[in-house]
Amino acid sequence: MEHPAIKPSRRTVLRGLGAAAVAASPILSACSSGLKGSGSSTGDTIKIGYVSPRTGAYAAFAESDAYILEQVRAFFAKGITHDGKKYDVKILDRDTGSDPQQAATIADELISQEQVDLVLVTATPDTIHPVAAKCESEGVPCVSTIEPWQAWFFGRGATPKKTFKYTFHFFDGIEHLSRVETDMWRQHDTNKKVGVLWPNDSDGNAFRDKTTGYRSQPSTKGFTFVDPGSYEPGTKDFSSIIANFKKEGVEILAGVPSPPDFATFWTQAAQQNFKPKVATISKAILFESTVASLPNNLGDGLCTASWWVPQFPFTSTLTGQTATALADDYEKSPLAKGRTWNQGLGPNHALFEVANHVLRNTNPKDREAVAAQIAKTSLDTVLGHLSWTGGGAANPVKNVATIPMVGTQWIKGSGDAFALKVVSNSLMPMVKPDAKAAEL
Amino acid sequence: MTVQTAPAAEVTALPPVHRGGRATVLGLTGTAAVLLAMAALPYLVESGVTAQLVKLCYLVALASMWNLLAGYAGMMSMGQQAFIGLGAYLLFIVNDHGVNVYAGTLVVSAVVALLAWPVSYLAFRLRGGYFAVGTWVIAEVVRLIVVRFDSLGAASGRTLSDVTADPVLRRAFTYWLALAVMAAAVLGTYAVLRSRLGLSLQAIRDDDTAAGSLGVNVTRGKRIIYITAAAGCAAAGAVICVNSLGVASPTQIFGVQYSALMVFMVIIGGIGTIEGPVVGAIAYFLLDKYFAQSGVWYLIVVGAAAIVVSLYLPRGLWGTLAHRTGFAVFPVRHTVRL
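Listed in order, the protein sequences are those of chains A and B. Each residue of the first sequence is one higher than the last, beginning at 24 in my numbering. Each residue of the second sequence is one higher than the last, beginning at 1477 in my numbering.
It should be emphasised that the hints constitute simulated quantities derived from the structure, not laboratory data.
Quick list of in silico lysine-lysine cross-link-like pairs, PhoX-like style, CA-CA up to 25 Å:
#1 B:LYS1765 <-> A:LYS59
#2 A:LYS399 <-> A:LYS108
#3 A:LYS455 <-> A:LYS300
#4 A:LYS435 <-> A:LYS300
#5 A:LYS300 <-> A:LYS244
#6 A:LYS269 <-> A:LYS216
#7 A:LYS113 <-> B:LYS1765
#8 A:LYS216 <-> A:LYS270
#9 A:LYS70 <-> B:LYS1765
Okay, the calculated bits of chain A under chain B, using three or more residues with CB under 8 Å as the criterion:
#10 113-123
#11 144-155
#12 159-167
#13 178-185
#14 222-234
Glycine is no exception: its CB is placed at the ideal position from the N, C-alpha and C atoms.
Produce the entire structure from the sequences given, and follow the hints as far as they go.
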């Protein structure tokens, strides 16, 4: 038999547990305080991380990276001076291979091993979102570009009330696309019936959204939309969509298909005799190489809204080159390997213009100060005027600076080359149109 | 009548059968020491190092799970990404209901195990190459269902709503979570293979018809392994999700590249051994670390490594070593000493 006196009462057990908890809490806090952080880098070298998809599916966006990096490394070779203190600048460029998982790993490495002071990231949600998420949570300032701002801002869970502290973005949005595209539609005499290709992916769903998407934009008033429903990216048979467009008598085609999907659709449309009068396609026909690869010169006459063309009357704050000179010098450079300019050149160059401006105007080693500095930046770049302050159309939400667009059309020139002609300047009257829009 | 006297019964002593013996003790002690040392790393080194090791941990876990499937139960699955993706996506749901992501990982792998049970009835109707394609199709179907939910970010991916805010603590917790998942995957495999089930699995691997005729319940054994591997891959998926603070794109997390990666690691390290996947994961991790920035050359190096190993070391790095020396950290074979 157990002696009752030895049996611990509930009270003593509780008391004991309480004492243990009291004793444990300093141990616990000691445990967490013993953890090693990454620490902010100190010293005289500013490190800038540059993350881009140099290989893989999105490689075209970063085609001009080698040239841009050579330019900016030469520019930053003399260092940056702030408050009488001179800093060396080191640019660490990383390739994501177009893989979001790799992008997250790279962000980890840049932030916790290299202890970068600023991260620049470019091209598509798959590259930008994992990197920006890391930067926001680790408190490292980050500037990004080449992704519609709605996808960047709302797609990452922000609201006008709940904004980001460390991550900033500059690019166009759905409102610019719809203004420019509808302007190109109005240049033709049509029945105002618009067939749309909105796939089931992040862009397609953002465009289809009833309240913030394409159809909610005031500029689309007066047009009738024929939406055949979302298709899966990678679809190989568009017959039913084409038949639907033909039945409804669609004369205008628009959408955000991926390049391979559009190639399939457009080839089948030609075979099945679907001929709209005007086609404004985003995303799929940004690059000359994709347009030229469409069979039977089907790329001739396709329209797209462009965020940067050499015709822009802007100048780089780093090199003093005009947009035209930047494109020309790129094409002449051996690093271009004989390729023509592309739309990635402008925004990717502008990323470094923003970096230079921000790091010069605040203590570059203070991450909070750098983030605060981006939030009040207003700068004229080779891409145009960027402003993260002042609100209005140019700064619709706290972390976003928008850029306008021009309407452009691919016209077959001599040989196999296609040239991008400016045909609509409704948002940028300072850009002179090259030609009148031609019917397909 | 002569009384026949039985000849003095000669004691026919069976030669001793042993299974590791001292090696078991040494192996487990060594493993425990390595795991303890790894667990202490957040106090010893800067978080940059542990951040890199998170990737190694989930690679080891994934490779071990595929090895369990293909190396022991003879199931060449090309669709484990279904469970990796489900693990990541269920973590959103669990996390939205207020469970922290670390405990959530455990919940998620239990739920995925439950889901994998009915799926196994579907997958097991197919064999060999058809099984591989079938599992891949199942993964695609799961992705197509998941992207129908707007609350899960539809086709755009989404971010975790509630993770530890303090970056230093979060990194340490993420690392410990990854380490725990890796330890569970490797030691779990070891425990399964030393059990009665392990013996029947090895028989199934060598010839499932023969194993069945000897009284091994082939389908039951395979089903248990299929469900276990699903749970393990889900845990790895949850780690991937926590590590990148969400899923950037459903196409990536449900991508077949995860299966290719698992096959690569297991083949390089040595299929059908417990240590092989660990060695293979380390080999891939190092290749990735030092060549990932070399553009297409990276893919060429990885491809060349796979070709060289499968041509000249068909047993894989560890398999070859173990075959030549008889050395094993996790001995599961019975050996007869004559």
